[in-house]
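Each chain, written out:
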Amino acid sequence: MNTFINSVPRSWRERKYKYRLIGGICKKCNATFYPYRGSCPYCGSDDIEEVNLPKKGRLISYTIIYSPPSEFRLKQPYIVGLIELEDGTRIIAQITDVDVNEVKDGIEVEAVFRRYREQGADGIIEYGIKFRPISD
Amino acid sequence: MRRVYVCGIGATPIGEHWELSLRDLMVLAAKKALEDSTLTKRDIEAVYIGNMSSGILQGQEHLGSLFATWFGIPGVSAQKCEAACASGGVAFHQAFLAVASGMYDVVVAMGVEKMSDGNTYDVTSALIMADDQEYVAFTGSSFVGLNALIYRRYMEKFNVKHEDIAMFAVHDHKYAVNNPLAQYRKAVTLETVLNSPIVADPLRLFECAPIGDGAAVVILCSEEVAKKYKSDRLVEVIASSVATDILSLHNRKDIVTLNATKLAMNKALKMSKLDLKDIDIVELHDAFTILGVIHLEDMGFAEKGKGWMLVKDGEIEKDGKIPTNLMGGLKARGHPVGATGIYEVIDVVTQLRGEGGRNQVDDAEIGLAQNVGGVGGTVTINLFRRL
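For the protein sequence lines, the chains are W and A, in the order given.
Start counting the first sequence at 0; every next residue gets the next number (numbering that gives the first Met the number 0).
Start counting the second sequence at 0; every next residue gets the next number (numbering that gives the first Met the number 0).
In short, the hints are calculated from the structure, not lab data.
Predicted model, so just to flag it, every value in this text is computed and none were measured.
Only true hints are included.
Listed next, with one range per pair, are the computed distances between beta-carbon atoms: (1) A:Lys30 with W:Cys42: 46 to 56 Å; (2) A:Glu190 with W:Arg114: 35 to 45 Å; (3) A:Asp274 with W:Pro8: 46 to 56 Å; (4) W:Leu73 with A:Gly101: 50 to 60 Å; (5) W:Gly119 with A:Asp361: 56 to 66 Å.
DMTMM-like mimics (lysine to aspartate or glutamate), calculated; alpha carbons at most 20 Å apart, straight line: (6) A:Lys156 with W:Asp104; (7) W:Lys103 with A:Asp200; (8) A:Lys226 with A:Asp104.
Per the computed footprint, the stretches of chain W lying under chain A, defined by three or more beta-carbons under 8 Å from a beta-carbon of chain A, are: (9) 86 to 93; (10) 104 to 118.
Glycine included, each C-beta is placed from N, C-alpha and C at the ideal position.
Work the whole structure out from these sequences, hints included.
Dropping the structure here:
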């Protein structure tokens, strides 16, 4: 069960940036960030362009969630990681296709499209980007 | 700006108050503070209530009017202030501004949270609302999980052992024993902390602030009102600052520094014209052990990567260099989220008045209370001086 109001449009309006790794690049300070937004969080410039971010990166920190929010009840344990993409842009996402006992800092990962959460028993299913280890 | 004084404090003990509602807690704390101040209800001109999650946890908003109605002071200016776990701190800041500006002479700064009615999953959902719902909560991270990301990065970056950070919980419990308002009035060992269940790896249950209910009230007044008190009952607010940082960790360049702490600290020191070394006691926002360590560094008491050494070397003890969390901190005094910022102020004022009992620091004159919202998205620093 989710603890807040079900809404199709709330999820739908974010589809562009949740389904793809589209970030922003600041034309003034050159910073990149995910997801895209109209103003730079670092220098405040409004001169921002969309940029396709690299789909590969490295895990720079992770946690294993044993006590989840209601929306993820019964999915535990699962891994949430802080990923640094090849261009230095960072993103928080679930790490998938790896056992919780085998995840390690520094592993190379790649983006995949996966299921995240449901808006209750009758609501829509929300999808987004997760990352999986790159196998040799 | 006018001078601002604390002339009354009052709070409910923090705990699982099955018999008390959100409104009961607010009324109880306000009564205690008013009694402490010797003022009457009719003296109150404005009320600022820090609260994070009354809507999702109690189905209740509009706390200003609710409190005014149930306390029997309809007509006053009253409103809720929200900044996640820093809600109490920002409510205090608003109350400070209301007196400093000359607008009001007697103002209530309150914090309240009623958490224990919800199951842990639902409370966990409520707490992650402190971060970006669509790009962080969406991933299934809990609020504990975000702090676990910081923890692992910190240990790796500075090559620090888990047990050297987990010590912070042992410290908090030791001092909560003597605090009648504390949720857990018992000491724990490092073994107990390290062997408690994992909430979000590497964070263990006994390294995380608990879920609890509580309300706390501080009454602020102008110099004119303060004149009627003996000076040993008064504490002056010598600085009050609020700063923000980028909301989510993935958009920050450095996740082991909370930049808003540095900004708020600089503002507060400037406002009070004090140096760091003038500060005698600190109440910091250690919702998780790792945060206690990081706050000591970001406030300037230790170099980056070395905050844990202050704990290990006994420097944050009652007789140490910088006595910290002397009433139990968030871990053991408790952390009823939106109320915490006000409990911290009460802990500092109690010490400055010399009413800290067995935890009393000798000759404490200047005290600091730091309140943090989210993973440092908001930080408030308030500084106090004994008269």
